[in-house]
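Student: Quick note, the sequences are listed as chains A and B, same order.
For the first sequence, the positions run 0 to 255 when numbering that gives the first Met the number 0 is used.
For the second sequence, the positions run 0 to 435 when numbering that gives the first Met the number 0 is used.
Read the hints as simulated data drawn from the structure, not as lab findings.
Careful: at least some of the hints might be erroneous.
[As the list claims (entries may be wrong)] Listed next, with one range per pair, are the computed distances between beta-carbon atoms:
#1 E7/A / G266/B: 25 to 33 Å
#2 D224/A / L117/B: 27 to 35 Å
#3 E154/B / N112/A: 49 to 57 Å
#4 L243/B / G66/A: 58 to 66 Å
[Said to hold, decoys possible] Listed below are the simulated EDC-like cross-link pairs for lysine to aspartate or glutamate, each with C-alpha atoms no more than 20 Å apart in a straight line:
#5 K196/A / E168/A
#6 K29/A / E168/A
#7 K95/A / E329/B
#8 K95/A / D424/B
#9 K226/A / E56/A
#10 K433/B / E148/A
[Stated by the list, open to error] Only part of the chain A face toward chain B is listed, based on derived beta-carbon distances under 8 Å:
#11 N52
#12 L54
#13 T58
#14 A59
#15 Q79
#16 R81
#17 R82
#18 R96
#19 S105
#20 L108
#21 Q165
Every residue gets a Cβ at the ideal spot worked out from N, C-alpha and C, and that includes glycine.
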Amino acid sequence: MADHLVVEHLTKVYERGDVIALDDISFSVKKDEFLVLIGLSGSGKSTLLRCINRLIEPTAGKVYFDGIDVTAASSRELRQLRRRMAMIFQQFNLVKRSSVLTNVLSGRLGYVNPWLSAAHQFPPSEIKMAMANLERVGIPEQAYKRADELSGGQQQRVGIARALMQTPELLMADEPVSALDPATSHSVMQYLEVMNKEDGVTVIASLHFLSLARRYGTRILALKDGKIVYEGLPSEIDEARFKEIYGEEAEQVEVH
Amino acid sequence: MAKRPSRLKSTRANSLPALLGAIRPRLFAFLLDWTSWGYVAYAVMFLINRYWFVRYVNFYGTLTLPTWGWPLVVLSTLELVVLSHAFGHSIGLSLFGLKLLTYSHRFPTAWDRISRYLWWHAAVLLLPVSLWRSGRECFLLHDVRSKTCMVPLAEVKDELPVTRPRPWYLTNRGLMAVALIGLTFWVGWQATQINLERLFSRAPKSAYLWKALVTPDFKHLAMPDPELKDSIMGGMLESIFMALLATIFGGLIAFPLSFLGARNIMGFSPLGWLIFTLARAFFNIFRSIESILWAVVFAVWVGFGPFAGVLALTIHTIAALGKLYSEQVESIDPGPLEAIAATGARRWQVVLYGVIPQIIPSYLAFSLYRWDINVRMSTVIALVGGGGIGRILFYYKGQVGRLSNAWNQVGAVVVAIVAVIWLLDYISGRVREKII
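Bound conformation, chain A alone (with noise of 0.2 Å):
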């Protein structure tokens, strides 16, 4: 199957402090695949994520969506294409004082006429959309609370629902369950794989737990100071494997 994002000697400097957050990294995704991030604080997951959709400005190296290149896109064509990446995060990023369904409803600000969007207003369809997204994330009767008001794992559901709203072609969790608890996470992550499996939508997770990584990931990329360092089967990475990624120190914990 054909190369779904290609990332080529991508490399982030960050200028101050002269932090080399990536190191010439390069892989391919295939259309489908669950591709799990793994790695230390600090060693370039959330910035190689934000790197594929310019969250984050690249210093060098390109990254290919479909085969269009996204480092060369004007801003009008980098909205065009963020619209078919969808993203969730680690603290899921909702606008907290707004109600859940207007953040749901922010998912879909790439697509709605801009002057509508600009007097707060969405098309009857588009609230069905959201209310229906709300609905399998299983939290329609949270629609109309405010967004701080819902618990952790629920919040992370809206992100997935506002996700959902972008119907993502690719979708980038930045570390989506380590805010959670173990029994929150997998339930989250089980919405991920859905996504999956069933809507064909190609999955970037970074993850903290090798043992989520191994349950949930097709294929796993080890990255360790910007470098990868692994790129394999979940089932291929053994003891000797997880010093290296991890280093000496690690043991590994179990999430059930």
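Keeping the supplied structure of chain A fixed, place chain B upon it in accordance with the hints.
Tutor: Then chain B, alone, in the frame of chain A:
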């Protein structure tokens, strides 16, 4: 013992901005110390003149020096800075986190320090040349000759021997601070001609005034004074409405401007930087001009009366709220903005859906608070013809000598002002509690 290798960063700063960035802490520490020594010199000269001889103080009590005096002060303070830097103790060095160490990160010997101090005089002449030739911050002439360098403390913290920290007032910084504050207090006391003896001995002279003020005369509280054609309540209402309209106009204009004055919205492009700087400069300049001065301008422009007062208060409100608002915009959670930008939204949609919901409550709170301040300010604006309660206040004050109960009437106006301000303060405080 093995010879420790040189740990100096050998990276070459390859452009002028990079080089200036690298030597910036050294430069800033130097300028700060020069300023502080200059200040000490000024204070010392002031006190010497005050106490011992008046030769260099002119008729108005201002310090003047003979022509050779100022270069002498400049040069001697410069020497003091260089000396204190060579011996590694100064406010600037500690504020910018610099430490004088040898190339191998040891403490310099006394000889190193003296040599650094002496070589500095040659280095300063060659500064542009050596910067240009070497392109490195630690390769100035006096660095090279004394084999020492100003190293950022953060880089070497782990290598320096651990010592038990002294109490703050025994550190160099603490002693310096205490000395500077003491000196400032001494000079300030002299400069403002504080006279405690007079404060107490002349107190009885003001007794009649106090007596009148605490027995206010509320005759014209609601009933208009026939001569003034207005009552205290009328003036008070005028003030409250002036303040309200100024707050509304000011808030409405400050709202869009506040985004221009927020770093996180304007980004780091040259154009964004320019607009940000202009907006912030506008806020700072207009905020530092008191509304009473604006009232003078507008009283001439549109004539005496409350309208001039509203305009004066509006200008000041725009600047003050603009600054407060932009700081609010800067302190918002960036996460939602990132999330909304990632959906493919336009920049202004990100502001509309991500920024505004986060700032509305604090905007309302600040605006209410500003209304409070504007009512208070509107009392003095009348001094220059700005209208409001101040007009009544200064009218009665002007009647002292003509009316026997003028001070009692002033007392009544003061009581009314205090009551209204207190009430407004209380209400706005409660409302702010609710919305934040």
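Student: Give a verdict on every hint.
Tutor: Checked hints:
no. : hint                        : in the structure
1   : E7/A / G266/B: 25 to 33 Å   : 27 Å, holds
2   : D224/A / L117/B: 27 to 35 Å : 46 Å, violated
3   : E154/B / N112/A: 49 to 57 Å : 54 Å, holds
4   : L243/B / G66/A: 58 to 66 Å  : 60 Å, holds
5   : K196/A / E168/A             : 12 Å, holds
6   : K29/A / E168/A              : 12 Å, holds
7   : K95/A / E329/B              : 17 Å, holds
8   : K95/A / D424/B              : 29 Å, violated
9   : K226/A / E56/A              : 18 Å, holds
10  : K433/B / E148/A             : 17 Å, holds
11  : N52                         : 6 Å, holds
12  : L54                         : 6 Å, holds
13  : T58                         : 15 Å, violated
14  : A59                         : 18 Å, violated
15  : Q79                         : 7 Å, holds
16  : R81                         : 4 Å, holds
17  : R82                         : 4 Å, holds
18  : R96                         : 5 Å, holds
19  : S105                        : 5 Å, holds
20  : L108                        : 4 Å, holds
21  : Q165                        : 6 Å, holds
The structure fails hints 2, 8, 13 and 14 (numbered hints given earlier, in ascending order).
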